[in-house]
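Undergrad: Please build the complex by placing chain B on the supplied structure of chain A, with the hints as guidance.
Residue numbers (the numbering used here), protein chains in the order written: chain A, 1 to 165; chain B, 166 to 640.
One or more hints might be untrue.
[As the list claims (entries may be wrong)] Here are the computed lysine to any residue pairs in the SDA-like style, where the Cα-Cα straight-line distance is at most 25 Å:
hint : chain 1 : residue 1 : chain 2 : residue 2
1    : B       : K617      : A       : L15
2    : B       : K567      : A       : E91
3    : B       : K191      : B       : A221
4    : B       : K442      : A       : A85
[What the hints assert, rightly or not] Restraint-style ranges between C-beta atoms, simulated for each label pair:
hint : chain 1 : residue 1 : chain 2 : residue 2 : range
5    : A       : G23       : B       : T473      : 28 to 38 Å
6    : B       : A368      : A       : I20       : 19 to 29 Å
7    : B       : G392      : A       : L15       : 33 to 43 Å
8    : B       : A368      : A       : V32       : 43 to 53 Å
9    : A       : A28       : B       : V522      : 42 to 52 Å
Don't read these hints as lab results, they were simulated from the structure.
Quick caveat, the model's predicted, so the values are computed rather than measured.
For glycine and all other residues, C-beta sits at the position ideal for the given N, C-alpha and C.
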Amino acid sequence: MSETQETSPERRKLLVRLSILLGSIGAALVAVPVAGFLLGPLFEPVARKWRAVGAVDRFEKGKTVEVKFEDASSVPWAGVTGNTAAWLRHEPGGQFIAFSVNCTHLGCPVRWLQDAELFMCPCHGGVYYKDGTVAAGPPPHPLIRYPVRVQDGQVEILTSPTPIT
Amino acid sequence: MRFFRQAWQWFDARTDASKVIGPVLKHPVPPHTGWMYVFGSATLFAFLIQVFTGIALATAYVSSSGQAYDSLQWITHEAFLGRLIRGMHYFGASAMVLLVGIHMIRTFLTGSYKFPRELNWVVGVVLLGLTVLMGFTGQLLRWDQNGVWSTIVAAEQAGRVPIIGPWIARLLMGGQTVGGATLSRFFAYHVFFIPAVIFAMIALHLGLVLRHGISEKPSASRPVDPGTYRAWYENMLKRDGVPFWPDAAWRDVVFGVLVVACVVFLAWRFGPPELTKPPDPTIVQAYPRPDWYLLWYFAVLAQLPHGTESYVIVGAPLVAGICLILLPLIFNRGQRAPMRRPWAMASIVIIVMSVGVLWVEGERSPWSPEFNAAALPPQVVQANGQAVNAQISQGAQLFHEKGCEYCHSVSGYGGHRGPDLTTAGDRLTKEQITLRILNGGYNMPAFSSSLKPDEVSALVAFVKSRSVSTVEGDK
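Chain A extracted, bound-state conformation (with noise of 0.2 Å):
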């Protein structure tokens, strides 16, 4: 009781403060780190792998094929879901172009219809022509691009993070 009547209201104050600064701080010491971790994806560079995807003479030309690699930052629990498609189309002239699977609408993967030379999607009917420019339906963009090379006699694709548009 005698406590209570020497707590002057100053120092009531002080301590309401102190305590407040000291929750304040130990909430911070955990949340932090915490908050860290959880937003560790953006923080991470973006891992770009050359993927060799077949022998240059396995791609006849004026065809598109799919072409399936694995992806650049894959971890061992990946299973099945660390690798990854692209199009890959050999131009009657030579040089190789490789699409990404995903529609520039909302990801989904497009098909490859080779008889028709059209790219079409299966979510919302987006519809693209062999050079990936948009040919019908509500995709904004083309058929993102991926870097692609020819080094000792195999394809080879750059990975890529999944396209945003």
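TA: Coordinates of chain B only, in the frame set by chain A:
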């Protein structure tokens, strides 16, 4: 029995549990609230189903991108009662979405969001959003092909948010692509983050119900006046109030148990949805679709005019959320009786009908190419029952091979994205058909670079041969 009574008395003497629970259970509520007031508690029952079945599933589900699919297949097809538990979780989610919607409509139509229950409505709006988020993240946790592509679709939509969109997309995927970190994140959202917020919001929601009381049945002769309502409500409770338990709660129990029984029956009878193909992003033969409660939104995304998607994807949920939150803050007084609030009635009718129509459209998805369209049979190709010439036959074959049939229907065969061509020959000249095939048009690609002259002629001849007489010939 005596032992249990003594045990309870011992426990109660040390905890005062009956002094805490008793007044809550027996607090007075308005009389004659009826069956319209059972949907809130039924939503809570559905949520509890989700909690218990979710905990059970979490004991066997492996939240690893590489193993989740197989673990869910094992739960569904091999684990003892696994199919039933997964089915209950699926139908429980459907029940929760449905009931939270009905509860919200009832609250809106009876004006129960008005003074002094404005904050309870706002908390309810937050709970509605969290319920939809739980549904969506739960769909992704199936981690089949549909789950993987739905994640990418979600990231793409998040990416439309100005400035910070790409960051949100990256956080959703847990990296630059869908992969090892993605599923773990969604598992944490679905099992820890969102449920924790839901528990807190439900506590606040129920606390506010106790604080302000259940709204009485609306009466046209008693509009809400914030200046006098509280005093009137307290007097009404003192005069006519009945104890919540059991006078009002028995209906909640009856309806809640009915909901549980329906969920268990549906799970037992139909089971959970089968998983689609494995979550391999290289399998591009995919057909991503949301669960039924988001099919209407899927239809909205398909119907938007070109160039407006980004505004609608970001703006529409924002505007809808702001309107719902502002509703009780702006209209917190006045009439509560539904029949005296024609605009409230009309808006509900319009919203329900619009969502219903969009839902049916989402289910039909006429904008999606019909990749599985079979080649036109001879009886459709031949005109008027007579043998057709070689050019028309070739045109029919090209119609299938060149993908025309994916978007155009002829005599019931093919897709519905483009106009039905069953009788196109009656309304279009050869020149018009040729121009459209070569140059394309709105929502149709140009085929001038992928068709040879003789192929164009054959296609035109085939389309021109489609007429009413052809259809009659089919019969």
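Undergrad: Next, verify each hint and record whether it holds.
TA: Here's how the hints hold up against the structure:
| no. | hint | in the structure |
| --- | --- | --- |
| 1 | K617(B) with L15(A) | 88 Å, violated |
| 2 | K567(B) with E91(A) | 20 Å, holds |
| 3 | K191(B) with A221(B) | 33 Å, violated |
| 4 | K442(B) with A85(A) | 16 Å, holds |
| 5 | G23(A) with T473(B): 28 to 38 Å | 48 Å, violated |
| 6 | A368(B) with I20(A): 19 to 29 Å | 25 Å, holds |
| 7 | G392(B) with L15(A): 33 to 43 Å | 42 Å, holds |
| 8 | A368(B) with V32(A): 43 to 53 Å | 28 Å, violated |
| 9 | A28(A) with V522(B): 42 to 52 Å | 51 Å, holds |
Hint compliance for this structure: hints 1, 3, 5 and 8 are broken, all remaining hints hold.
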